[in-house]
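Colleague: Chain residues, written in single-letter form:
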Amino acid sequence: MKTLNEVTIKEAIDGLKSKAFTSYGLTKACLDEIKKLDGYLKAFIKVLEDSSLEQAKTADKQIEARGVEAFDAQLLLGIPYVCKDNYSTLGIETTAASNILKGYIPPYESTVTERLKKSGAILLGKTNLDAFGHGGTTDASDFFVSRNPWDLTRVPGGSSGGSAVAVASHLCTFAIGSDTGGSIRCPASWCGVTGLKPSYGRVSRYGLIAMASSTDSPGPITKNVEDSALLLGVLAGHDPKDATSSKDVVDDYSKAVGDFDIKKLRIGVPRSYFEIDFETPEIKNRIMEGIDLLKKSGAEVREIDLLHPKYAVAVYTVIQRSEVSSNLARFDGIRFGCTRDVFGYEAKRRMMLGTYTLSAGYYDEYYAKAQKVRTLIIDGFNKAFKDVDVIVGPTLPNLPVPIGQLDSSPIFGELIDMLQIPGSMAGLPVISVPCGYAKGFPVGMQIIGPHFAEGKVLSIAKAFQDSTDFHLQYPSAIKEFK
Amino acid sequence: MANGWVNKFVKMSREQVLAVSKLIKLDLSDAEIEKFEVTIPQTLDTIDILKELDTSKVVPTSQVTGLHNVFRDDSVKTTLTQDLALSNAKETSRGLFVTKAVFDRP
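One line per chain: the protein sequences are A and B, in this order.
Each step along the first sequence adds one to the number in our numbering, with nothing skipped, and position 161 is 787.
Each step along the second sequence adds one to the number in our numbering, with nothing skipped, and position 82 is 241.
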């Protein structure tokens, strides 16, 4: 029997509608679980206990007064969630896990948190990340390291590590992350939960503290695919405050995952994604088993050729650091935040490289070259999608890294994210779903679709989850506290 | 590499590191400077593989939305109040931000 903090969004809505439980009960259950476990997990930078309980009481009054109709206008009424601390929240300290933003109180609300607020969701707290999103472990937070609920001595992945830990450990009903080069998918994969990076431009970036503006993609981390579909429906859509957000019609994602037939579907498996070094062959085996399962369900599987992901890593290293150096230029310590000497080493490292590759004399050699190879990556995907509906492969080539034992390579984060970066550079929708275990750690399988084909990506992921139970497992390292 | 500023496996000089940090107003410690002397060339070295690909006829991509010339109505919108805009400033004076002087007095 599930405890209240363990329910999915869908179950929460059903339970609140049928009055099986209250929003106060649901919110309190999550807060109690945070009190019990976050000392070990370190997922939260800030917990908003009082305001979330107040909001829960208000939600319960609305449900009492209007019954199920209260949910017509507010789909997520009374449902508690957590948000990565790089989304500006009006009146609530927002740090991006950086010392330079300590004490910063945003005077405005990000579009993502605004939409969730309007939908009735309750913000339980702000979660840890690699400072400014610069990393793939959450080890590079300026404050503290978050811990993987499958092994507390290992990192959860990043940069949306706190959000993934909170979902995997049932400290909330759902979470919001952001993905620039894998920052939703990586921690989702290592924590054994579902992470969706929507197409670039599908969800507004307004109020998200910018990392690399040409690939930053806000998205959900959830307990299953059905919840991701439901949330994307709330988050997606044009926002006049983000000129890069698309005016294209938002699909009914919940409907799409409900009536989908996997038969006749063509799945592409990129050879080059399996030619890289894996920490253990078990990871590859889990992915092949996952692909076999899709095949058995009626999908047709084809091997395809895509540009080797090592080129995407090089492109990303140049473009992301160039954009970081430009975005972090606004931190002058005059209008907000502390002075520039407070920047952490990782932020400085990225700014230094980015500034170098953008500077006169080196621009053509690095930045312009990277932009051209970016075109080749996109062309490769476009060509592949003429023959296949989606592309499936591993999310990561390795398992969660032990805390304090990170590789000293200056592009360690990018190497971890090698298989996720191509989708980011092309702005494609990608979901990572749990697809088994290697040496006792969760393994994630990513499904990549054409631009704005979130419906298709979610549908296949849902079909996969319908025939597996990896997403239902309770993390091993916190089982004793259950 | 271009202009011979950085060569494969060759450390950057202290002056080269400081020239970059000056552009972005970063005061680096000696330890950081020493690290960057090594890690910047190392990172550039990993990027070098891009040269293996022929891009002579390829158009660069700077964004993936396919959107062009995004306009909005030229109308007055609600903005932050002056108090809110100043609310995170360390130092203000008569409703304005206080900055360091950029000109020397004669």
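Derived from the structure by calculation, the hints contain no laboratory data.
Among the hints, a few may not be true.
[Stated by the list, open to error] Among chain B residues calculated to face chain A with C-beta under 10 Å, some are:
1) V218
2) P219
3) P265
By construction, the Cβ of each residue, glycine as well, lies at the ideal position given by its N, Cα and C atoms.
Colleague: Using Cβ atoms only, decide whether B/P265 comes closer than 10 Å to chain A, and label the hint accordingly.
Modeller: Since the shortest Cβ distance to chain A is 25 Å, the answer is violated.
Colleague: Checking hints one by one. Is B/P219 an interface residue toward chain A, by the C-beta closer than 10 Å rule?
Modeller: 3 Å, holds
Colleague: With a cut-off of 10 Å, does the beta carbon of B/V218 approach a beta carbon of chain A closely enough for the hint to hold?
Modeller: 6 Å, holds
The structure is inconsistent with hint 3 alone, although it conforms to all the rest.
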